[in-house]
Amino acid sequence: MNRTGRKLILPTLILVSLSIAGRAQNNGYAVPIDPEIRMGKLDNGMSYYIRQNKEPEKRASFYIIQNVGALLENDTQDGLAHFLEHMAFNGTRHFPTKEKGIISTLEKHGVAFGYNINAYTAFNETVYNISNVPVDHPGLLDTCLLVLNDWSNYLLLTDEEIDAERGVITEEWRTRRTAQFRMNWQFLPVLLEGSRYAERDIIGELDVIQNFDYNSLRDFYNKWYRTDLQAIAVVGDFDPVLMEEKVIDMFSRIPAVDNPPDRPFFEVPEHDSTLYVLATDREASQHAVDLYIKHRAVSPENKNVDYLREQYIITLFNSMMSERIDELLQKGLPPFIMGSVSYSSFIRGYDVFSIGASFRQGEGEKAFRAIYAEAERVKRHGFTPGELERAKSKMLSNWENYYRERDKIDNDSRADNIQQHFLINEPLPSVEYEYQKVKEIVPDISLEEISSRAKQWIIDKNRVIFVQGPEGEDIDYLSRQQALDIIEEIENSELTAYNDSASSESLINKVLPGSEVSSTRELADFDAVEWTLGNGAKVVYRKADYEKDNVSVNAFSFGGTSLIEDSFIPEASLLSTIALTYGAGEYDNISLQKMLSGKKASLSVSLSEVTENISGTATPKDFETLMQLLYLRFEEPRFDREAHDAITARFKALLETMNNNPQKIMQDSLTLIMTAYHPRARILDENYIDDIEFGKIKELYLERFRDADDYTFFIVGNVSEDTARIMAEKYIGSLTSHPGSEEWIDRGIRQPEGKIEKIIEMPLTVPKATIVINYSEDMEFNPYNRQAARVINGILDIVYNEKIREEEGGTYGVSTSVSLQQFPVQKATALVSFDCDPERAADLKSIVYSEIDKLMEKGPDREYLDKAVNNILKNREESQQHNSYWMSALYTYYMSGINYDDPANYEDILKGFTAEDIRKAAVAFFKDADVVDIVFKSEED
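Everything in the sequence shown is counted per the numbering used here, starting at 1 for the first residue and increasing by one.
Calculated directly from the structure, the hints in this document are not laboratory data.
Don't take each hint at face value.
[To be verified] Derived DEER-like restraints, expressed as beta-carbon distance ranges: (1) 499 x 683: 38 to 48 Å; (2) 269 x 819: 48 to 58 Å; (3) 819 x 842: 22 to 32 Å; (4) 894 x 699: 24 to 34 Å; (5) 433 x 699: 46 to 56 Å; (6) 459 x 690: 38 to 48 Å; (7) 45 x 176: 31 to 41 Å; (8) 40 x 259: 22 to 32 Å; (9) 928 x 861: 21 to 31 Å; (10) 459 x 495: 13 to 23 Å; (11) 459 x 99: 58 to 68 Å.
Source: prediction; values computed, not measured.
The beta carbon of each residue, even a glycine, is placed where N, CA and C say it ideally should be.
Kindly produce the complete structure, drawing on both the sequences and the hints.
So this is what it looks like as structure tokens:
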């Protein structure tokens, strides 16, 4: 379905569940299972995991984890593991028809297909989930258990439904066949040579998808979908004892398979020679080179405390390498656009050390030489004490934040950890246990210990070189021999050790004048307070401790890009990215990031069409650091020519090969057509980057981010009112103010009037059409219309999924977005887009229009209306359990004057909608709207 990989929950520095080469000591202590998890194995061999969890409140998530994936297919079943995953949603014993099927049943309770109901298939596993199910609906939890029960053993797999799904999977095949996918599958059969991995791409080949015998699918299902390869995981806000009883009672009744075949482990053969692949594609949008060195991962039985220690070493290594390469990219002009040197998990049982870079055409040798030199440098000289100190500080800070927010770990994240424990025996400790281990182990890791890892990982066995880029006879690609020569050259050359320089000074080295609160206004509806400072700045504060280790600071001022001249548009569009690479105050960005190591504080600036915006977040402990960054962004912005040249050169290099990219072609076309070719709507290309001037960036920044009295600031999070006030007075109160205020202006950028229809042909390798239809209509921005837009969006999501995907088998998925805009003109927009077979584009496109016509003529079926409303209300309840809800509510109130926390502006409207209300709203949205209708399609022969 939509998920192609698993969600990860560990802190940023250890997001990837990295494995290590098989060196863990057998005498390592076992890692204890989280005591809050109730787990066991039934007599039929099925495993189960139950954990109570209150994030979100009154919600539960249900998983069935199958230790079965594409590798278990035989050659006549290529793609059928994935096909079987689709079929689990198309008829089971207790949910046999679409009208009474799994999706329809659950959507009645606001549990949405694609978002809450989903699945994915990988090489080694297939996982199904039903997420964020309301626990207060009578019988709904039992219904979800019954769904898992059917997914385990009771799929119907009728001939009719199999045939109906062939079209959907054909369209998924079409959508996923991107240039990068095709190049990867030129490469992976070599990287995985001699293994089953090299023979399976999960989704399979069209000939099999469209023509396999029904019994081939049933044979795969009967052989591999069985209790000894399955686990049930239920996580949520419920009584865990009662849930365990229900799971044992229901799932114990599923019969075990007699004499089941062994579930094999799939080996990847070793090789002494260095393998090489040159992969090209006419739609490729980058040049890149990667060196992969494969290693065996630690065996499941040895994933103990020593294994955890090794994970922390890998995390520190990757963090320090990333810092070094980021530093290279920010100074001078390195011969690569992006680079990476890291150790990570790869496929089951295997890890990989990778060295890679992307680069300009013709600079492959220079890029590979430069990035390999960094790997060799650390292999030869190791890291510095300062680097390790910063990496440890950052890792410990991340873990402290993770520990403090342990009650906000959501159900699906906990279920993901359970999944990895069942499939590959990843440790499954409590957060409390692992946090203590991190505090014990990480400070004890020595510089020599971590620096030695490069020597163990960078070896001359099991190496594969992957070079990729666009097709072209005039392109001189890095050859195997050239790459080997570069490796030998670097390994025999003199390399100086890395020179680490870091400042330990404060961000601000002076006394700030500050200004006290001059007036206070209570905002009773929000349980918030507004302060006006002596310099005229307005500050809104609200305590919010849903996330205990979080505080956010946002700000806006009206004006934005609407107040700048056309010649400044390139600078404005990339200001937020470019300006942040300059650093702040006395410190360039490299020094600034080193100073912030171990602190959780970040702040960015941006421009919209009508506003200037500030957005920052920190832990309460680092709240003052965040406020210091805010002060520096206003009062002491830094403008660094070297950093400017470095990032603009990278931007330009990235864009040089984007002309072949179908997504870029479509986006550029839409940018121009949807704005009626307005002069301020320009295509992002090399000329665009050439027009960006360092002096104009400085001028624009200083013009837009000044005048504190023209801004409204928001402080929302787990800080006391006294602390927020003191920090606001000290830092925001020290910002400069100037007389007067600004208002945005309307530059007249509009969608063209009437209906515009175009067919745009593109050179595509795989025949495909992409349909884009956009409606635009003037409409008052008010709560009623906003809620109507949400409901229409939800209804169209359901209808198009049923009609275009399921009934027609015409697409993998339809994207719909219906919304209201307040600035610079009040209007409604509705965007519908999907990929399909170009031969069917006209017929499928007509369904988009016919369903909107039906909505205008008859209104929605009551069932669809209820499904859409229930999903919106469910999501609303979940969002209210986060600090960001209050930031958004306050921000919107000051921007639009509407209080969306008031049920009269939200829940009451939604609950009061009738089918006739939505019919009238649809007429207002669509009947006289301007329409842009574009079909992008592959060129005809």
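Going through the hints against the structure:
1. 499 x 683: 38 to 48 Å: Given range 38 to 48 Å: holds, Cβ gap about 41 Å.
2. 269 x 819: 48 to 58 Å: 53 Å, holds
3. 819 x 842: 22 to 32 Å: Once the Cβ atoms are compared, 27 Å apart, the range 22 to 32 Å for residue 842 and residue 819 holds.
4. 894 x 699: 24 to 34 Å: The hint (24 to 34 Å, Cβ to Cβ) holds, given that residue 894 and residue 699 are roughly 28 Å apart.
5. 433 x 699: 46 to 56 Å: Hint holds: Cβ distance 54 Å, inside 46 to 56 Å.
6. 459 x 690: 38 to 48 Å: About 44 Å separates the Cβ atoms of residue 459 and residue 690, which means 38 to 48 Å holds.
7. 45 x 176: 31 to 41 Å: Taking Cβ atoms as reference, residue 45 and residue 176 lie about 34 Å apart, which means the hint holds.
8. 40 x 259: 22 to 32 Å: 24 Å, holds
9. 928 x 861: 21 to 31 Å: 25 Å, holds
10. 459 x 495: 13 to 23 Å: Roughly 18 Å apart at Cβ, these two residues keep to the hinted range, so it holds.
11. 459 x 99: 58 to 68 Å: For residue 99 against residue 459, whose Cβ atoms are near 59 Å apart, the range 58 to 68 Å holds.
Of the numbered hints given earlier, the model fails none.
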